[in-house]
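So you can see what is in the structure, the chains are spelled out below.
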Amino acid sequence: MHKSPLVNFVLLACIAAAAYFFTLYLDTRTPPIDIIIQPEAPIEDIEKGQEAPNFTFTDTNGKTHALRDFKGKIIILNFWASWCPPCIKEFPHFITAAKEFENDVVFIGISSDLNTESMNKFLDRLGADIKKQNILIALDEDQNITKNLFQTYRLPETVLIDVNQHMHTKIIGADWDYAALQKQIRTLQKSRDKTP
Amino acid sequence: MRLLAVLLTLLMCFSGLARAEETLDMSAFKNIPLQHQGRLKPLDSFAKLTLKQLSGQTSLKDLSATNWLALNLFDPQSAAQIPVFKISNDTLKKKIGLPDNKTLLSFNELKPALDKTREDLSALLAKDEKNLDPNERELLRLHENAATLTMLMRSFSALLPLNIELPQRYQKQIEGQFTFTELSKIEQQLQEELNTIIATKGRDPAAYSPEELSIAKTAFHIQMLRAGGENNNLLRVIPSTWKDAKEPWLSPWEVLLGGEGSPASAFLLSQWADLAKAYRDADAQSWRIITAEILDETQIQSQHPLNTKKFELERIYTNTAPYLWILAFYGLGFLTAALSIFKPDIISNKIPAFLALSGIMLHTVTLGARIYILARPPVGTLYESVLFVSLICVSAAAITAIHRKNAILLLAGLAAGTGLLLTAPALAPEADSLEVLAAVLNTNFWLTVHVLCITAGYGACILGAGLAHAALFIRGFKNTPVLWLKLQQNIYHLSLIALLLSAAGTALGGIWADQSWGRFWGWDPKENGALLIVLWLLWTQHGRAANKIKPATFTALIAALNIIVALSWFGVNLLSVGLHSYGFTAGLAGGLFAFCAAELILITTLYLAAKKKELSRA
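First to last, the sequence lines map onto chains Z and B. Reminder that position 187 of the first sequence reads as 186 in numbering that gives the first Met the number 0, one-by-one numbering, no gaps. Reminder that position 446 of the second sequence reads as 445 in numbering that gives the first Met the number 0, one-by-one numbering, no gaps.
It is worth saying that the hints were derived from the structure and are not from the lab. Careful: at least some of the hints might be erroneous.
[What the hints assert, rightly or not] Some residues of chain Z that are not near chain B, with every Cβ distance over 10 Å (derived):
hint : residue
1    : Asn60
2    : Ala96
3    : Glu101
4    : Asp123
5    : Ala137
6    : Asn147
7    : Gln150
8    : Arg153
9    : Ala178
10   : Ser190
[Claimed, not checked] Result set (PhoX-like, lysine-lysine): computed pairs, CA atoms no more than 20 Å apart in a straight line:
hint : chain 1 : residue 1 : chain 2 : residue 2
11   : Z       : Lys131    : Z       : Lys98
12   : Z       : Lys169    : Z       : Lys88
13   : B       : Lys101    : Z       : Lys182
14   : B       : Lys101    : B       : Lys60
15   : Z       : Lys169    : B       : Lys242
16   : Z       : Lys98     : Z       : Lys72
Here a beta-carbon is modelled for each residue, glycine too, at the ideal position from N, C-alpha and C.
Start from the sequences and build out the full structure, keeping to the hints where you can.
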């Protein structure tokens, strides 16, 4: 049977239209649920960080300590200076944390101040708040700890060290909130409790 | 671009030295890993890629890429004198006052021209890329390349000895040669002193005493060094300590200024500082020991074990340039195949067979190496798809040629393979064809299933089209009706295979799109291009089956598949629209247009000749 070109054309047009509407139908379907809703990221176990290097420092009372002296404690190692405004902003929060978790946390503040006087001038303003056994402040006069050992070139920076002296987290800058710090410390407490 | 100005100031700060590259063993240095363009690779590959980007070549006259890289990293002052910038646009050269008798220019030679044109840059950057004329595009490229070199030369500027005279009171504090890392320890002190000077004497240096001037200069140098390090993320040789292994590695300046420093990074950077010293002292023994130590330490610090065999293979791959060898085998194979068919008394048909098989073996090994290095199927970019399709064409042709005992099949396959490989450099202008995948392609299963199927379909189409060209020629100019009939059968079978692969590949693409983008079909240019091939093949097959399309016309239409495939494969990329934008490559339009026009003329000529012969026979 011989069909005219017009019939062929109409047939082709019908097929094209059907294909077009089929794709429109496909587009109107509700996408699979996993495309819309991103699954919540799983809470990861704490990975064992690198071991913190041991170093010694002399605190504001003239007593010399080594980092290894505090094995078994959670350490907040803060690099700061009194000429650094963000450092001044975050410093009291660390003192609060040290007081809140007095039995578990040691705060070590390594200062890059130019001299003891400038550092003490700021510390005096904090008064009795820093006169705690678990709060230790030291001047890093030659900046060996700050720059050579921990490579801190922009203040403030803070390293959370777990009870086994592994570096767990680094906090860069002062743009963090206290609740987040509490959460981190509690996580480290839990990991300590799990440690055989 | 302000950073370019900073660089010259910085270059003046660094101590110069004699060239050391000839005495130093670069074998371990070449293999030090870094993260670049989203994947880990050896320094050697990075050096070649960067040099090729700047100069269009992978080595300089008296300097290998790795030596050139080391010079930039450890002796930027000397590196600034090495001619490395290629400017192919003579009009631009004249316009910006560059000498037109030199192929390559050094950073120092280029600097005045860059300064002169810096003001035009913001206007050029604001323009749509499509509206840039060739001069403007070249000028932008030149500034981008200068920025790349600047970053490279500044990569280790924190660790290199500085040629700065310190204020007297600090000379005891910092003795001997010193770097930014040492200088930064007195930064705050200098800044406070400078503030006091400015408060008492103002900002005019003429009013300062020599000691005050020295303080101001030193403080300025520190600021310049810091400014030069900001956003310098090119040389990522330090594994991140604080993030997981999937996070990008860090450049030295990112570690120092981005708060990413750690005892581990301090140790690794101290090793790099020692290496810089060994280079500058031309101390071959220390250089050899420290490069090996850096290699070990980087492996320790990277959170997942590094595959050094992969690096070695990549180095061999980039050094041997297998692409050129494959092209040579196929090209020679094509020439000898043509001679053996049309002048069998001159050359045996075993020679093209040997050349084709050698090419196929090397081609297979090359693609295997790429799969191993990149850990993914070898079809993630246009360049790669050309490599893959050319292998499909030649190997399918070789197998059918042996099976059917028909040398013309091999000739067609070698012609298609050679032609495709000749287009490859235009698709990978920046040398490193070992690219990471565009995010949209990053699922190995679908990449394997869909893209391999589609590209294998391209291969079958091109081989069929090549054979159709040969068949039309034979029909028009040779009196061999039996061969014509045999070729008809071969073309028909190839077009069926092409239809199967193209249709299946297109449907699989729809399923992938449904999973990735939430729709099966979106009339995207690439999707339409794939559909066009399927429709073309369906039309010709149905026309042939219904006897509406005669053999010569069918053959001409299959020959024209080359045009359809070229438009679908490359042409849709020129539209710069759609979700398949990962494949876009600039500068294809002219070549594609020329190819389509040439094919149209050739096929029409061959078709008319074939028809004329048929009429004369009738």
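Query raised in the report: For which of the previously enumerated hints does the structure constitute a violation, in increasing order of number?
Result: 6, 7, 8 and 13
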